[in-house]
Amino acid sequence: MTDVTTEAPVPGARIPAERGTSTRLAANVLDVFVRSIVPVLLALVAGAILLLALGRNPLTFYGDIWKGGIELGAWQDSLMRAAPLLLIAIGLTVVFRANIWNLGYDGQFLLGAALISGLGPWIVTREPLWFALTVLFLVAGAAGAAWTIVPAALKAYYGTNEIITTLMMSFIGVGVANILIKGPFQDPTVNIPETRVLPLDKMLPSIPGTRVHVGVLVAFAAVIVVHFVLTRTSFGLRLQVLGANPRAARHMGVKLPRVIVMSFLVSGFLIGMAAAADILGIWGYVRSNWNPAYGDTVIPFVFLARLNVLALVPYVLFYAVLSTGGDLATEHANLTTDFLLVLVALILIFMTLIEYFGRRRALGTSYLTPGLRQSLRVPWRTTSKAAAE
Amino acid sequence: MTKRFPGVLANDEVSLSMYAGEVHCLLGENGAGKSTLISILSGMLRPDAGEIRVDGRPVRIDSPRAALELGVGTVYQHSTLVPALTVLENLLLGDARGLRLNTRPARERLAEFASTLGIEIDADAPAGELALGRQQQVEIIKALWRGSRVLVLDEPTSMLTPQGVAELQGVLRRLKETGIAVIFITHKLHEALAVADRITILRSGRVVGSLEHVRLEQSSAEELQAEIVRMMFGEEGRTATDVAELRTDLSAEEGYGAAHAEHADTLLELVGVSARPIGGSDPGITDISLVVHEGEIIGVAGMDGNGQRALAEAIAGERSTSAGDVRLYDAPVGKLDVAARQKLGLRYVTDDRLGEGVVTSLPVSVNLFLKRIGQRPFWKHGRIDRTAIDREAQSLVTSFDVRTPSVATRAGTLSGGNVQKVVLARELSNDPKVVVFHKPTYGLDLRTTRVVRDIIRDLAAGGAAALVISTDLDELLELCSRILVLSRGRLVGEVENGPHASERVGELMIGADEEAA
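Protein sequence lines correspond, in order, to chains A and B. For the first sequence, the numbering used here begins at 2 and goes up steadily by one. For the second sequence, the numbering used here begins at 96 and goes up steadily by one.
By construction, these hints were calculated from the structure, which means they are not laboratory data. We put the CB at the ideal spot given by N, CA and C, even for glycine. Watch out, some of these pointers could steer you wrong.
Chain A is faced by these chain B residues, among others (derived, beta-carbon under 8 angstroms) [as the list claims (entries may be wrong)]:
(1) A434
(2) G450
(3) V454
(4) Y537
Whenever a hint applies, use it, and build me the whole structure from the sequences.
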């Protein structure tokens, strides 16, 4: 048999052959720019037009966001606001990569928060501070992870839909957290249902020279570790195979129950850590019925970062600046803070547009699971070919 | 009706005309541009240049809906029916005008279609429970539902049993009588000769030849075959023996596959193995015992859905067994998982290449090592060594002749034959001892089919053992020394390959069916 002369030109797949590492790097940098910066700029422009239509000066408004979110040390507040968001976002990225939907983040977060604000005041007075804080971080993480065990086991061994089970467990988790706050962890000295307050000197220490607590460092360290695990390790590849095609994962000998349970546990742990960073770094106590719903806020960014942990960082930072500085800006412009959500929505719209047009480029670095990628790009057209990709 | 198509297709100009009441066969290897052409006709893709004319008028087909409105209905290779809905509901899906489903006229219409085509269809049966051949007939009716005059069939026989193919040919004859133009896309030469009034041969996106009605009637089958083979493969295909399909006649002289030596070692043994079914159409397997020796190729024949998948998965370790023993080199491996069995040299080439054989969104290089995730030398302390993977992948791609722009290309962009080569490269590298092949040449073009069969023979000649599970009896007759017959999850007989083996296998298949009935 001799060589075949007719190599199949695959329709629609223009893959540059053998790209060098340096050009690939350049292409990646360009991708990141187009994906994470351009839509934000477009949203700001559209927001400015909207402000003009409302009779406000957009320059003053954006200037106020800048002042309130970045200038005069406000960037430190923004960073601190970003820490729990970032931890939750990477926790969600881990499971979403396996195409598993952990939507129980509120329950996992609040349980962690309730546990450490209950145990915190007790443990910090008995143990050395660094040890106590480490233990509290681990306790919060463990609480978040533990709250995923039931949905994880049901999913792994019985194939139960985890969207339902995690939501259910979330309701229970929020309820249990409130019971803890009103019951055993109630501060006996006040009439309001809240836990005892951590003394200021027993909270997370600041990074020297700033007001920024070290929880921010924990969050960024977690970003790096999780990014490494997802992209360079066998566990990360197994997650990716499971997310792309569970049948293939089974065929390849991936131990599905183990991977499913592991990804749930890691996700819950990171979400619990977010509670620790927030409570130990900023609040110092929890009041009953408190629910910042960080998870709902970051989910869009998780998907827009294409389940890429590094790409999450600019999104979350941007949102943190926007929400920190937005308090001041909306007050000055006599708008409600809801206007900030309009800006976020505009970013979403432009991101979706870019995702759609980016289809024409080889989006090799896109990390959405194939089904999800398809539904994000062309939800109205699902061809057999697209499904096969 | 004339439909001219001077368009740019996979970079080359293609012109075709279709006439009413005629079956026009498009013949070509995988990647010759057949699928692109259908996609354009059905409105999924737009031509970069050129135009389509219906009844002499230039038209634009820019959506599947537009195609239907112009009277072009398409039946794809894979089912597009919604399994949970009934036949009638499926037909009404594309036709939902108004809020209420108007079933009575639709029911009558279906009956009318069924009698025209000479088939029987239960309007209230869930589509998913129909046999594949029946589902395809529903698809044909669905394509014609809105009055299409051109019917495009994409590889319609690839999922059918021989009886199903015969039935389809009957349907096509009746369609012709009603004046519908049929475009029949295939890469199987004998099918084209059996049904076509006109054959157009595509190669590399170009029309390389066509045979008119008159030629088809006047020339003898051998002449036509030789001519078509020459057009399909160019100069390389000078001799018809190059093409696997045409070699079956020759296998008699080659001695019916390799008979195993008297004292060869037993490599794989199944003792009374049973496994539970997964899913509705899967019968599982019951009490299967078989032995495969060193250097042997054993075939497992049977119609689709008789437990082939369960058998393969039970051997590979993907499915747990409920009874019996799987033994590899005389040691039970029932407790070992897929990865452990893979390490011992037990490999499984799955039939569902795109569905589970590769992860389409991952690069070829990673796909080549997906069964060795976490193992040295590609992962060290759990960390991936991409250089090692790329290097090894490159050498596998070369030795298995995988046509890919680079090892970093996503596996999903390769053609079916090349995906199969990727799967083979993964399973047959790193010292294979016992290999289960499940429909190894299903859906492949003639040339790749031949390459794959040669690979299986070489493997056995090298001392490994192969178990070939196939629904293609000719393939088993060509390759195997013994053929086992699987029916409803049980082995119902064993036939030594030789003269009349085909008849005896057929009898066993039918006999088992009658007993059960």
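Legend entry - Numbered hints the structure breaks, given as an ascending list: 4
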